[in-house]
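**Q** Since chain U is already given, all that's left is putting chain R on it; use the hints.
Protein sequences appear in the order of chains U and R.
Heads up: the first sequence runs through residues 0 to 254, numbered per numbering that gives the first Met the number 0.
Heads up: the second sequence runs through residues 0 to 187, numbered per numbering that gives the first Met the number 0.
It is possible that some hints are incorrect.
[Unchecked claim] SDA-like, lysine to any residue: derived pairs with alpha carbons at most 20 Å apart:
hint: 1; chain 1: U; residue 1: Lys176; chain 2: R; residue 2: Thr45
hint: 2; chain 1: U; residue 1: Lys176; chain 2: R; residue 2: Ser128
hint: 3; chain 1: U; residue 1: Lys81; chain 2: U; residue 2: Gln34
hint: 4; chain 1: U; residue 1: Lys176; chain 2: R; residue 2: Thr125
hint: 5; chain 1: U; residue 1: Lys156; chain 2: R; residue 2: Asn57
hint: 6; chain 1: U; residue 1: Lys176; chain 2: R; residue 2: Gly102
hint: 7; chain 1: U; residue 1: Lys176; chain 2: R; residue 2: Thr48
hint: 8; chain 1: U; residue 1: Lys156; chain 2: R; residue 2: Asp46
hint: 9; chain 1: U; residue 1: Lys156; chain 2: R; residue 2: Ser55
hint: 10; chain 1: U; residue 1: Lys176; chain 2: R; residue 2: Phe68
hint: 11; chain 1: U; residue 1: Lys126; chain 2: U; residue 2: Glu146
hint: 12; chain 1: U; residue 1: Lys176; chain 2: R; residue 2: Leu129
hint: 13; chain 1: U; residue 1: Lys126; chain 2: U; residue 2: Asn232
hint: 14; chain 1: U; residue 1: Lys100; chain 2: U; residue 2: Asn68
hint: 15; chain 1: U; residue 1: Lys156; chain 2: R; residue 2: Thr48
hint: 16; chain 1: U; residue 1: Lys75; chain 2: U; residue 2: Asn94
hint: 17; chain 1: U; residue 1: Lys100; chain 2: U; residue 2: Ala208
hint: 18; chain 1: U; residue 1: Lys176; chain 2: R; residue 2: Gly44
hint: 19; chain 1: U; residue 1: Lys124; chain 2: U; residue 2: Asn149
hint: 20; chain 1: U; residue 1: Lys126; chain 2: U; residue 2: Pro154
hint: 21; chain 1: U; residue 1: Lys156; chain 2: R; residue 2: Ser107
hint: 22; chain 1: U; residue 1: Lys100; chain 2: U; residue 2: Asp114
hint: 23; chain 1: U; residue 1: Lys124; chain 2: U; residue 2: Arg150
hint: 24; chain 1: U; residue 1: Lys156; chain 2: R; residue 2: Gly59
hint: 25; chain 1: U; residue 1: Lys100; chain 2: U; residue 2: Ala72
hint: 26; chain 1: U; residue 1: Lys73; chain 2: U; residue 2: Gln43
hint: 27; chain 1: U; residue 1: Lys156; chain 2: R; residue 2: Gly105
hint: 28; chain 1: U; residue 1: Lys176; chain 2: R; residue 2: Thr69
hint: 29; chain 1: U; residue 1: Lys176; chain 2: R; residue 2: Thr65
hint: 30; chain 1: U; residue 1: Lys156; chain 2: R; residue 2: Gly102
hint: 31; chain 1: U; residue 1: Lys124; chain 2: U; residue 2: Arg210
hint: 32; chain 1: U; residue 1: Lys73; chain 2: U; residue 2: Cys112
hint: 33; chain 1: U; residue 1: Lys176; chain 2: R; residue 2: Asp46
hint: 34; chain 1: U; residue 1: Lys176; chain 2: R; residue 2: Asn57
hint: 35; chain 1: U; residue 1: Lys73; chain 2: U; residue 2: Thr95
hint: 36; chain 1: U; residue 1: Lys176; chain 2: R; residue 2: Gly59
hint: 37; chain 1: U; residue 1: Lys176; chain 2: R; residue 2: Leu58
hint: 38; chain 1: U; residue 1: Lys156; chain 2: R; residue 2: Thr60
hint: 39; chain 1: U; residue 1: Lys176; chain 2: R; residue 2: Val42
FYI, nobody ran anything at the bench for these hints, they're computed from the structure.
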Amino acid sequence: MLTRIGLFLLLLQIQPMSAAASGSQRPEDLNAKLQTRVPGYQLQANNFVEALTRVAADFRIPMGIEWVNTPAAKAKVSLSWKNVTAWEVLRAVVNTQPSFKIAVRNGIVDVSCPDLIPDRENPFKVKINEFEVHNARVESASRQLQEIVNRTISPPKPQGGRGGIGMSGFSNADDPKISVQLSNATVEDALDALALASARKIWIVTFSANRTLTAAGYRRTGGLWTSRLVPDNEQPVWDQFHWGDPIPEVAVRPN
Amino acid sequence: MFYPSSHMIKLAGGNQGVTVTVNSQPSNSVNFFVQVPTSLSIVPGTDSTTSESGCSTNLGTGCGVTRTFTLQVYDQETPPQPIQAAGLEVWDAINTTSPNNLGLTGYSTTCTGTAAGTNNGPCGLTTTSLGQFEESSPGLTVCSTVCYMNNACATGGPTNATQTTHVGPSSINLQISYYCNHVTWNGQ
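In isolation and in its complexed conformation, chain U is listed as follows (with noise of 0.2 Å):
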């Protein structure tokens, strides 16, 4: 009980920082969010990745998490700390997994293991010539960006004969419809401008454990919602949350 107390004074404090958060923000904005300080706050969660969901939700912060699904970070988090703040906080949970770092980049916060996934193995970090989306869903805006990078990273090889497609998609009609336009940016970036244009403010990669690399030598990805093995020719995937979405447990529960 006084830890739920605890929490919701907590939420009480934290509360008026929300309304700055949606849409775009400038960097003092995140960098303010980051400095405040809270008398107490307790973090309890059953893996390395919700646990930092749950701080960026708590105190709205813009996210992206590079992981690898491995036995430790799957481990329970349990930590509580008194007059804290976000960032100490987001440093305390990193550092409970070891080669993980966190930096801010673009105006998000940006947790990586880059001494686990090297940069040229890593697909987010390749360069894309053009990324551009006007008035979309971002679930639109993240679909064009993965085509964007799958085909970059394997193109398709051209077909003979008379067809084509079909297609459809469904969207979330209560997330605001963005803008986006980068050019010559890293997919990394891609995503971070979706996280900070759109109501998905987290973006997860989750890197396989395994080091065997695609044919296009890069690590395999998987997802949070499934425990499929992505083939080569879909990657890489990620998953985008709203502040407070759960987190499935399909792919990062317990060995």
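**A** Just chain R now, kept in the frame of chain U:
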């Protein structure tokens, strides 16, 4: 009202009784109604289709259209009642039936580009608090080289397909007909 989701214990639809037992003493039974997603309907005023225009596929230049709309989830009652519940997971799968006059060789669906993949799910899409979701990313779209003749867009079709829309615990089958210059959904 009670809305079963895919994460909850599955209950039969319709009126259900519930009792609470405390210290071996059962309470009186209280009825509640379990709504099961059973049908979908286009929300009036949300339906639009682009003009037929050029597009590209792995097979070359084609033509096609995109139709977008918002869908409302309805229950099993007669007449059907809207299920105004947020958080029902939605995704879809599309499979060609016949004829296939536009020569469609594949589909991308709601979870294409995610780990779930084409014709699979879920992938994080849910209904709004009104029990609605949009067919808008990109919407029902067709692009076929069959629709591109003599350097211009042409008419043609249909390619018929079944769209299985997953809403929470339910799967709802709908018929789609793709034409070069329009798409029909469930006969509309």
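**Q** All the hints need checking, so say for each whether the structure fits it.
**A** We went through each hint and held it up to the structure:
1. U/Lys176 <-> R/Thr45: holds, 15 Å
2. U/Lys176 <-> R/Ser128: holds, 18 Å
3. U/Lys81 <-> U/Gln34: It holds: about 14 Å lies between the C-alpha atoms, which stays within 20 Å.
4. U/Lys176 <-> R/Thr125: holds, 16 Å
5. U/Lys156 <-> R/Asn57: holds, 8 Å
6. U/Lys176 <-> R/Gly102: Not satisfied, since the Cα-Cα distance of roughly 33 Å exceeds 20 Å.
7. U/Lys176 <-> R/Thr48: Holds - the C-alpha atoms of threonine 48 of chain R and lysine 176 of chain U are around 18 Å apart, at most 20 Å.
8. U/Lys156 <-> R/Asp46: violated, 36 Å
9. U/Lys156 <-> R/Ser55: holds, 14 Å
10. U/Lys176 <-> R/Phe68: holds, 15 Å
11. U/Lys126 <-> U/Glu146: Since the Cα atoms of lysine 126 of chain U and glutamate 146 of chain U sit roughly 14 Å apart, the hinted pair holds (cutoff 20 Å).
12. U/Lys176 <-> R/Leu129: Answer holds: lysine 176 of chain U to leucine 129 of chain R is near 19 Å, not above 20 Å.
13. U/Lys126 <-> U/Asn232: holds, 19 Å
14. U/Lys100 <-> U/Asn68: holds, 16 Å
15. U/Lys156 <-> R/Thr48: The given pair, whose Cα atoms are some 31 Å apart, is violated under the 20 Å limit.
16. U/Lys75 <-> U/Asn94: Distance ~14 Å between lysine 75 of chain U and asparagine 94 of chain U Cα, so the pair holds.
17. U/Lys100 <-> U/Ala208: holds, 18 Å
18. U/Lys176 <-> R/Gly44: holds, 18 Å
19. U/Lys124 <-> U/Asn149: holds, 13 Å
20. U/Lys126 <-> U/Pro154: At roughly 15 Å apart (the allowed maximum being 20 Å), proline 154 of chain U and lysine 126 of chain U satisfy the hint.
21. U/Lys156 <-> R/Ser107: With Cα atoms ~18 Å apart, lysine 156 of chain U and serine 107 of chain R stay inside 20 Å; holds.
22. U/Lys100 <-> U/Asp114: Holds, at about 9 Å.
23. U/Lys124 <-> U/Arg150: holds, 15 Å
24. U/Lys156 <-> R/Gly59: holds, 12 Å
25. U/Lys100 <-> U/Ala72: With a Cα-Cα distance of about 14 Å, the restraint between lysine 100 of chain U and alanine 72 of chain U holds, given a limit of 20 Å.
26. U/Lys73 <-> U/Gln43: holds, 13 Å
27. U/Lys156 <-> R/Gly105: Since the Cα atoms of lysine 156 of chain U and glycine 105 of chain R sit roughly 15 Å apart, the hinted pair holds (cutoff 20 Å).
28. U/Lys176 <-> R/Thr69: holds, 14 Å
29. U/Lys176 <-> R/Thr65: Measuring from Cα to Cα gives roughly 17 Å; hence the hint holds.
30. U/Lys156 <-> R/Gly102: Within the cut-off at roughly 19 Å; holds.
31. U/Lys124 <-> U/Arg210: holds, 17 Å
32. U/Lys73 <-> U/Cys112: holds, 15 Å
33. U/Lys176 <-> R/Asp46: Given that 20 Å is the threshold and the Cα spacing comes to 17 Å, the pair holds.
34. U/Lys176 <-> R/Asn57: Distance of about 29 Å is beyond 20 Å: violated.
35. U/Lys73 <-> U/Thr95: holds, 11 Å
36. U/Lys176 <-> R/Gly59: Between lysine 176 of chain U and glycine 59 of chain R the Cα gap is close to 30 Å, so the pair fails against 20 Å, i.e. violated.
37. U/Lys176 <-> R/Leu58: violated, 31 Å
38. U/Lys156 <-> R/Thr60: holds, 15 Å
39. U/Lys176 <-> R/Val42: holds, 19 Å
Hints 6, 8, 15, 34, 36, 37 from the list above are not met by this structure, while the remaining hints are.
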